[in-house]
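Chains W and D are the protein sequences, given in the same order. For reference, each letter of the first sequence is one residue, going 342 to 588 in our numbering. For reference, each letter of the second sequence is one residue, going 852 to 1172 in our numbering.
Among the hints, erroneous ones may be present.
Said to hold, decoys possible - Computed spacing ranges between beta-carbons, pair by pair:
| # | chain 1 | residue 1 | chain 2 | residue 2 | range |
| --- | --- | --- | --- | --- | --- |
| 1 | W | Phe360 | D | Gln882 | 24 to 30 Å |
| 2 | D | Asp862 | W | Glu523 | 29 to 35 Å |
| 3 | D | Lys1074 | W | Glu452 | 30 to 36 Å |
| 4 | W | Asn528 | D | Pro1085 | 38 to 44 Å |
| 5 | D | Asn997 | W | Phe360 | 18 to 24 Å |
| 6 | W | Thr492 | D | Pro1085 | 22 to 28 Å |
| 7 | W | Lys586 | D | Gly863 | 48 to 54 Å |
| 8 | W | Glu523 | D | His864 | 35 to 41 Å |
| 9 | W | Ala408 | D | Ile886 | 25 to 31 Å |
| 10 | D | Pro1085 | W | Thr508 | 51 to 57 Å |
| 11 | D | Pro1085 | W | Ala564 | 25 to 31 Å |
These are calculated hints, taken from the structure and not from any lab test. All residues carry an ideal CB built from backbone N, CA and C; glycine is no exception.
In case you want the letters, here they are:
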Amino acid sequence: MKILVCISKTPDTTAKIAFADNNTKFAADGVQWIINPYDEWYALVRAIELKEADAATVIHLVTVGLADCDPIIRKALALGGDEAIRINADSHDSYYIASQIANVAKEGNYELVFTGKETIDYNGSSIGGMVAELLDLPYVSLATKFTLTGTSAEIIREIEGGEETDTVQLSVVVSCQKGMAEQRIPNMKGIMGARSKPLKVVEPSAVDAFTAIASFDLPPAKAGVKLVSPDNPEELVRLLHEEAKVI
Amino acid sequence: MSVLIFLDQADGHIKKSAFEAACYGAAIAKQTGTIAEAIVLGSINDDLAAIGQYGITKVHTVKNDALNHVDAQVFTKIIADAATATGATVIIFSNNFNGKAIAPRLSVRLKAGLVSGAVALPDTSNGFIVKKNVFSGKAFANVAINTAIKIISLNPNSFSVVTTIGTAEVAAFAANVDAAKVTVTNTNKVVGEVPLSEAEIVISGGRGLKGPENWSLVTDLAKLLGAATACSRPVADIGWRPHHEHVGQTGLAIAPNLYFAIGISGAIQHLAGVNRSKTIVVINKDPEAPFFKAADYGIVGDAFEVMPKIIEAVKKMKGLI
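Let's have the full structure, built from the sequences with the hints guiding it.
Below is the structure:
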C-alpha cells in the first residue's frame, strides 16, 4: 500500500493576520508556521495508523512550497512519513498546486491520496477534488472515519445534517477532518529519524494558474460591545428584537 | 453566454442555501447583461417553475433516483455537459459540503478558475475579481479569475435572498448518468433539527455550562427561536455534545444573523469560526473573556441565573406565556 499525504504550511492558529506591500501580501514577519492542522492531525495521523496496522505500507508526503517549508516537512516526517517530496514553487492558486501534486501522484501510483479538508489560511477546500479530477479518481470529501478492507475502503463522511457511509475501490482521494484520527506529538526517536529521511526537491512543471490574489482586506472593526446588566436580562431580549432585529 | 447555478437539493427539496446561490447568480447575470439558468439533479418534489421568483429564467432537470446521493465525479460530468450545452461562462455553487465536493472537480474539467467561499458580488469593472474569506474569516482576499469560464462557490448567509414575480421554464436535460464509483451504503441524518450551516440563529454553549446535563439552557432557547445548536471545541472533545456541533477554526465556520454564545470565553480559534456572524451575543461571568471584544451585545453574569430569565422573556415576546 502506498499513501500520498498532501501537506501545507500555514500560519499558527493564533498568528496575527496583517498584510504588507500595499495589502497584496500576507505579512509573514514573526509568524510561527505550522503544518495545516487538518493535514497533520487527520490526514497524516490516519495514514500513520494504517502503516502501523500494515508494516508494508509506505507514506510519502508532498508539499508545494519554497525552502521555508522544510521545517514543517521535517516535523511531518518525524511524526511518521517515510519520505517527502517538495515541489519548489510558491503559489496560492489551487489549480496550480493541485496540478503539481497530481503529477507526483501519477508517477508514484498511490492507492490512497489524503488531504486535509481545507487549509486554515486560504480556506479553498479545493485541492482534494482537483487532484481527484486530474487523476480521474473517485473523491470522498470531509471524511470522519476511514477503514481499509483489502483493496476497498469504507469511509464515513459528513453531509449536510448528518453522515453517509461510502464504500469505494482503491485508488481514491480522501479529504480528512475531525474524527479521522487524534493529534500526535512527535517523539525524540521520530525527530532524530526524520533528519535522515529523504526530502526530495523537484522543480514544478509548467502550469498556468487560473486565479491570482489581487489584494487583501481586513474586516471592519466592531463598534464595541453593548453590555446589559445581569439583573435585567429581559433588556437583552428587547434589544435583539427591536434594535438588532434578529429575533 | 449565461450564468448557470447548481441548485443543491436534499430529500427532494431545494436547500435554502440554493435559493441564495440563485439570487447571487441572477445578480451576476444582471450585472453582466446576460441570463441566469439553473440545474437540479435528482428527484425533486418542489415546484421548480417557482424558482423564477429568484431571477432564474430556465431550470434544467435531470430526474434520476441515482442522483439523490451526491457523487462528485458523476455530478461533475453532468454539470460540465450542461454548462457547455448552455454556453455558461459563470457557474455558481453554494460553498456547502456538496459544493466543496463538486466545484473543484468542475474547475479542472472545464479549465475554469474557482473562487470558493465568496462573500460578495464580483467586481467586473476591470477583469473579474471575487471577494472571499481567508484566514478562517479573519480577512478577505480579492481574487482575480483569469479563465474564460468562472466558477464561484458562495458562502452561506452572504447574500440577501430577494424574490420578485417570475416563472422559470423547466426543461429536462438529456444527461449521461455514469455509474458511481462510490457506493453509499448508509445515510444517517438528524431529522427535525435546523442544519447548522444554514441556520439564521445559532445558540452555542461552552465549558462554562459545566456539563451536558445543563444543555437545556441552550436547547430550550434554540427551540423557541427555531435556532440550530452549536458548541465550542472543548465541549465536543469531552463528548458533552456531538462533533458536528463544533464551530471554530477546526470545526465548522458559520455566519448566522445571530450567534448567541453561552459560557464560551472566545479563544481566537473559536472566533475564527463565528466572527462573520452579523450579531454576536456573549453571556459569560468573566468580564475579561476575550469574546466580549468581538461581541455586539453581552451580559457579564452567571449563565445559570441569566439564561432562565432570558428564556422566560423570549417566551413572553413570542406570546407563549
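Now for the hints, and whether the structure bears them out:
1. W:Phe360 - D:Gln882: 24 to 30 Å: Holds: the Cβ-Cβ distance is about 27 Å, inside 24 to 30 Å.
2. D:Asp862 - W:Glu523: 29 to 35 Å: holds, 33 Å
3. D:Lys1074 - W:Glu452: 30 to 36 Å: violated, 47 Å
4. W:Asn528 - D:Pro1085: 38 to 44 Å: violated, 25 Å
5. D:Asn997 - W:Phe360: 18 to 24 Å: holds, 21 Å
6. W:Thr492 - D:Pro1085: 22 to 28 Å: About 39 Å separates the Cβ atoms of W:Thr492 and D:Pro1085, which means 22 to 28 Å is violated.
7. W:Lys586 - D:Gly863: 48 to 54 Å: violated, 33 Å
8. W:Glu523 - D:His864: 35 to 41 Å: The hint (35 to 41 Å, Cβ to Cβ) holds, given that W:Glu523 and D:His864 are roughly 37 Å apart.
9. W:Ala408 - D:Ile886: 25 to 31 Å: violated, 50 Å
10. D:Pro1085 - W:Thr508: 51 to 57 Å: Once the Cβ atoms are compared, 34 Å apart, the range 51 to 57 Å for W:Thr508 and D:Pro1085 is violated.
11. D:Pro1085 - W:Ala564: 25 to 31 Å: holds, 29 Å
Figure legend: structure checked against the earlier numbered hints; hints not met, in rising order: 3, 4, 6, 7, 9 and 10.
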